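Trainee: The lines below spell out each chain.
Protein chains: 2
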Amino acid sequence: MNRGNLIVISGPSGAGKSTVVSRAMTFRNDICFSTSVTTRKPRPGEVDGVDYFFIDQSRFDEMVRNNELLEHAVYVSNSYGTPAKFVEEQLEKGMNVILDIEIQGAAQVHSNKPEAVMIFIIPPSIDELRKRLTGRGTENEETIEARIQRAIQECREADFYDYIIINDDLDKASEDLSSIMNAELCRFEKKKDVLYSFGK
Amino acid sequence: MNRGNLIVISGPSGAGKSTVVSRAMTFRNDICFSTSVTTRKPRPGEVDGVDYFFIDQSRFDEMVRNNELLEHAVYVSNSYGTPAKFVEEQLEKGMNVILDIEIQGAAQVHSNKPEAVMIFIIPPSIDELRKRLTGRGTENEETIEARIQRAIQECREADFYDYIIINDDLDKASEDLSSIMNAELCRFEKKKDVLYSFGK
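For the protein sequence lines, the chains are S and D, in the order given. Here the working numbering is used: the first residue of the first sequence is 1, the next is one more, and so on. Here the working numbering is used: the first residue of the second sequence is 1, the next is one more, and so on.
So that you can see chain S by itself, here it is in the shape it has in the complex (with noise of 0.2 angstroms):
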């Protein structure tokens, strides 16, 4: 069994990154999400250890004490995390694990763990990301606005990436995260076993 990778997506609103990867786990099967840990109260209907696994906050801080997660942060006095435990696991399993998180995140992630892959997915051009945030008909002018500039200065700070994928035919987007995906598998340091096994 070969070992997955960790695949970080990130990118603005809008730029349409869980229908990318949702769309690529339709044509393969070694695709999972990361289960994060946080400290918000189960909604109606939500799983332990499928939708989120629920921790208190005092065994939250000892995660974080323990260096037992990649990345965490707070939203709306919650505390959110990406569990290393969880991961690995999935990985050993031969997994690619899909972390969907914001830059901060992201860049905590590529710290911790410098072979994450970076991918970065953005729309064709802010036009369009106008066109598809207006279609989606739930925010005012203003809120869209303002989700442009934060776009804009998202992807200014992305500069720690390995990859971008322009989101603009979602069949093209889908099927260069699969190659990424392909690619990163036969990466020199995933495959240098193989290779130095001859002549022993």
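There may be inaccurate statements among the hints.
Said to hold, decoys possible - Derived BS3-like pairs: lysine-lysine, alpha-carbon spacing no greater than 27 angstroms straight-line:
1. S:Lys-172 to D:Lys-191
2. D:Lys-113 to D:Lys-93
3. S:Lys-191 to D:Lys-190
4. D:Lys-41 to D:Lys-85
5. S:Lys-190 to S:Lys-172
6. D:Lys-190 to S:Lys-190
Read the hints as simulated data drawn from the structure, not as lab findings. Predicted, not measured: the structure shown is a model, and the values here were computed from it.
We have chain S; now place chain D onto it with these hints.
Mentor: Chain D alone, transformed into the frame defined by chain S:
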């Protein structure tokens, strides 16, 4: 038009390098082989500019002096080299240019063009390599053993390659090659202009 990548492919004789590339060429049209210059005389049927660029030794020496070759070597008293200009023209057209060369030449390209994508193609095992070389029926046992020892030595020297493709199954190996091409076109450096165009 997006610029293509320079792809260096090496690997032991019998690994199936050209078969893997040819297979990939059946399903994508952005791959071409580099055309080498040589001081060897054309054989019947060989076309200048197609099989090789046929040049004389003084022109060859001039190309070396002027740094017009990405790599060069002498083989059976004739000089061979990869002209930078031809490669550059193809890359500009968006082609992925394949250099099928030995490790020594590959090391020269790696040094002259650090952005070149370095791929090492290997058979799944030495036993399988022996089987393939024997299956050709063109070489005696002694020659085959010499090739195998050389293959083992080459594998030890291949530590500057970016990727390893294990050619166990031809479909999988050509798909891996294609995935690497796609992934390399998504590299941050290749796409960052789009990213930074946002907000301008």
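Trainee: Taking the earlier hints as the rules, which of them does this structure contradict?
Mentor: none
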